[in-house]
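Peer 1: Put chains B and C on the given structure of chain A with help from the hints.
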Amino acid sequence: MKHLRSISELGLEGVSRILQLTENMAEINSRPVPKVPALRGKTIVSLFFEDSTRTRLSFETAAKRLSAETMTFSVSTSSVNKGESLRDTIETITDMGVHAFVVRHKSVGVPWQIAQWTNASIVNAGDGAHQHPTQALVDCYTVREALGTKDLSGIHLTIVGDIKHSRVARSNIQAFSMLGAKITVVAPPTLLPVNVNHWPVTVSSDLDSVLGSTDVLYMLRLQSERMAQGLVPSLHEYSTRFGLDEQRVAKLPSHSVVMHPGPMNRGIEMLIDPSEIPSSLIHRQVSNGVSVRMAVLFDLLSAEELS
Amino acid sequence: MSGPDIARAISRIAHEIVERNHGIEHVVLVGLQRGGTWIADALGERISSIEPNFEVPVGSLDPTMHRDDIGMRPVVAGSVSRIPCDITGATVVLVDDVLYTGRTVRAALEGLNNFGRPRAVQLAVLVDRGHRELPIRPDYVGKNLPTQTTDEVDVSVDGVIVTSTSGTQV
Amino acid sequence: MTIALRGGLVVGLQGVERADVLIDNEVVVKVGANLSGDVTIDAGGCHIFPGFVDLHAHLREPGREDCETIATASRAGAKGGYTALIAMPNTDPAQDSVTVIEFVREQARRAGLLDVFPSGCITLGRKGEALAPLGDLCAAGVRLFTDDGSGVQDPLLMGRAMQYAKSLGVTLAQHCEVSALTQGAVMNECACSSDMGVPGWPSIAEELMVQRDIELSRSTGASVHFLHLSTARSVELVREAKSQGLHITAEVTPHHLSLTEELLTTFDPVYKVNPPLRSMSDIRALKAGLLDGTIDAVATDHAPHARRDKELPLDQAPPGMIGLETALGVLLSAVDLDPMQIAAVMSRNPSRIAQITQTHGRNIVPGDTANLCVVDLDALWYVNPSMLASKSKNTPFVGRQLKGLLRSTMFRGEITVRDGVAQK
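Read top to bottom, the protein sequences are chains A, B and C.
Mapped onto this note's numbering, the consecutive letters of the first sequence carry residue numbers 1 to 307.
Mapped onto this note's numbering, the consecutive letters of the second sequence carry residue numbers 1001 to 1170.
Mapped onto this note's numbering, the consecutive letters of the third sequence carry residue numbers 2001 to 2424.
By construction, these hints were calculated from the structure, which means they are not laboratory data.
Each residue gets a CB set at the ideal place from its N, CA and C atoms; glycine is no exception.
It is possible that part of the hints are untrue.
Here are the computed lysine-lysine pairs in the DSBU-like style, where the Cα-Cα straight-line distance is at most 30 Å [what the hints assert, rightly or not]:
| # | chain 1 | residue 1 | chain 2 | residue 2 |
| --- | --- | --- | --- | --- |
| 1 | C | Lys2166 | C | Lys2242 |
| 2 | A | Lys106 | C | Lys2310 |
| 3 | A | Lys182 | A | Lys251 |
| 4 | A | Lys2 | C | Lys2310 |
| 5 | C | Lys2310 | C | Lys2242 |
| 6 | A | Lys106 | A | Lys150 |
| 7 | A | Lys35 | A | Lys64 |
| 8 | C | Lys2127 | C | Lys2310 |
| 9 | C | Lys2393 | A | Lys106 |
Here are the computed distance ranges between Cβ atoms for each label pair [to be verified]:
| # | chain 1 | residue 1 | chain 2 | residue 2 | range |
| --- | --- | --- | --- | --- | --- |
| 10 | C | Gly2399 | A | Val75 | 31 to 37 Å |
| 11 | B | Arg1008 | A | Lys150 | 38 to 44 Å |
| 12 | C | Val2398 | A | Asn197 | 33 to 39 Å |
| 13 | C | Leu2124 | A | Gln229 | 29 to 35 Å |
| 14 | A | Ser279 | B | Arg1082 | 27 to 33 Å |
Isolated chain A (complex conformation) (with noise of 0.2 Å):
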């Protein structure tokens, strides 16, 4: 049974497929009738324990597309609230046939423990801080359509902001290392990983003095909660040495493009507005997203059957 779970899990094979095929679908989503027969009779349920809006739309206009049959469970409306176990829930949906779950869960491993009670292949949308693959498959795509190349060796990717709670960064930083960027990684040291001096990635707390050589600036969106717990003397402190505005845009190359992966906090780690920042592939990021997830489910269910 295949999964889409971690960057890491997929492996450059599989990251490359799913680039390859995201061309294919990128065209039908160009057609006048953006829809095909692919996945016709496949079930695919959204498993949302965690608020999302765009992850989930995109998902699902991607199943929609491929034609398959599409089911929506979020939190606020299953009966998970009422004590039905995580594994009820999944086995009560495969009691009912499905061929993929896309979940999205705040507990990390989730999709791996999910897997034990289903036959169905899983999709991860998200799991706590761990991995959100479709993320940086969708920003790999984006950067080499933007950068006119499939060749992403030797290009300078720059991620700012709080690496340690981002699954953002961890699948990115898979992803590109992967395809043979060079990466550094900008952040005050206490929202670095424990381990990031054994990532493959160059560690800064100065971003000012790598914005010159950056040719993909990938900001992370910083949550208000972190001041809270201690692991930033104040928002203020850090929007000065890690946020995003005119000055710094400026000190970026002319060919240099800049990305965030939503949702922002203005006025925080974007102290200028995106629609302000010509090289801004922001929303590409987003139009991507429903390709990329028709690759991905593609990919997934199109050579299996429902055992």
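Peer 2: Below, chains B and C alone, put in the same frame as chain A:
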């Protein structure tokens, strides 16, 4: 069928397309991936030399996403489809190398629906090897070549090779 | 009715000798050659040990009888070769009053499979705010006090508890965990936890409290026992403290001697435990500590959990694994110990620390209470969850080969387990 035979068949089919459609004003050639794209390109060139005043649009279509056997065997997407113009009201000539069960053509017909509503769809193939499973018939045929279901048929610019599954060339 | 254990190797205080043991009416009456009794237990190829003593077991009653009761835990203990268990006090209500202590003892007496010696809380309700009635509990027979499940965070309170304990002649056992450093922790703080994006339990959260309590013991003279040590530096600290003559003892669990932090990358909560599984170098230091006497005892930290609780996501699942029935098997597959060492760490030392040497962890000579177990030290076996006596089955050792199998257990001269089968 040898290399020169193929070239002659393409030339003949090109003429037939022009004749049947009374000119090529509304004609669009769409090669089916993967085997039909080079033939569509070749037909396009041949037609240009017959009717030098018109450039017939040539596109390609990957019918993979529209197949009816997805889930029964591994599926590999082809290259990205490219339809160079609006096909609504046009006469689309689907081009493929081998016509066999007809399922690829059926998938392609469905795929065309995503792009618009053609006035008519015609089918040109270099080889018709029989064993149809659907009511699909070609409008232009290079050669009718009866085969066994156990045979494999390969078409290239150098010719047609039929191989029986025991490996010997027929 | 007399019982003869025939053909075994008796592990006495002085050494191991080939002898038969005759038991009558709760005591050993004879140790020698060719003894016979009304009932015979064939101990051929096996060693006869003083019954094992577990310093650290969670019996869950009162409060969580759905995952274990004193009766089922007693049966599990007997099947593991235990004749005495120290019951941890994090029950509901907690073991901070004489009533609860007596309830636990009575339940154990009813089950009649082994002795349960309830530990008392150090603080009321284990809240870490006010001292529990240590004097009353001591008068009711309690000799070991702990807030296990949690450590006592306040150094002033801990110091006071030690002063009290010293005057009463009891031992305080500490679950060393500075809770401010372990908020939300799921596993050891290490490369894996970093990659997984989960909060980790850093080693210093244990070591800081070990160090603190060593100093408090130094200044008060109290006896302190460190529960479930798990890091190399903790072992170093205890070694140094002992060399300075301080009244410090320590225990280690079988799982901390055999399982590492990487197992958490399976995301299976069966591996989640407090303190967490650590690194290979920690394991090496713990083994060395056990072999050189720095660590006095092996204790199970038997922690039953309902299946649905261990099926929760990793961060929500409660920590802990059962261990009474697999303790010996895991220990011997991880560490090479000779029979005298096994007797020391599984029975004699814990008995001394728990102050129950009147009846447990004794020599095997005429006149001594017959609390014994018969073990095949070389037997290789696998855990079958359905055969476990414990009500809960949260053990990570299913499918792993264990070495050392309990054959029979005698409690006060009565056969509680015979050929691996519990007799009641």
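Peer 1: If a hint holds in the structure, say so; if it does not, say that too.
Peer 2: Structure-based check of each hint:
1. Restraint check for C/Lys2166 and C/Lys2242: satisfied, since their Cα atoms lie roughly 18 Å apart, inside the 30 Å limit.
2. Restraint check for A/Lys106 and C/Lys2310: satisfied, since their Cα atoms lie roughly 17 Å apart, inside the 30 Å limit.
3. Our distance criterion of 30 Å between C-alpha atoms is met by A/Lys182 and A/Lys251, whose separation comes to about 19 Å.
4. A C-alpha spacing of about 25 Å is found between A/Lys2 and C/Lys2310, which places the hinted pair at or below 30 Å, so the restraint holds.
5. A distance of roughly 38 Å separates the Cα atoms of C/Lys2310 and C/Lys2242; the hinted pair therefore is violated under the 30 Å criterion.
6. A threshold of 30 Å between alpha carbons decides the hint, and for A/Lys106 with A/Lys150 the separation of about 33 Å lies outside it, so the pair is violated.
7. For the hint pairing A/Lys35 with A/Lys64, the CA-to-CA distance comes to about 8 Å; that is within 30 Å, so the pair holds.
8. A hinted pair counts as satisfied when its Cα atoms are at most 30 Å apart, and C/Lys2127 with C/Lys2310 qualifies at roughly 25 Å.
9. Taking the CA atoms of C/Lys2393 and A/Lys106, the gap is near 27 Å; set against the 30 Å cutoff, the hint holds.
10. With their beta carbons about 34 Å apart, C/Gly2399 and A/Val75 fall inside the hinted range of 31 to 37 Å.
11. Taking the beta carbon of each, B/Arg1008 and A/Lys150 are about 40 Å apart, inside 38 to 44 Å as hinted.
12. Range check, C/Val2398 to A/Asn197: about 37 Å between beta-carbon atoms, so the 33 to 39 Å window is met.
13. In this structure the supplied range 29 to 35 Å holds for C/Leu2124 paired with A/Gln229, their Cβ-Cβ distance being about 30 Å.
14. Between A/Ser279 and B/Arg1082 the CB atoms are about 28 Å apart, so this pair conforms to the stated range of 27 to 33 Å.
In the structure shown, a violation is registered for the earlier hints numbered 5, 6, in ascending order.
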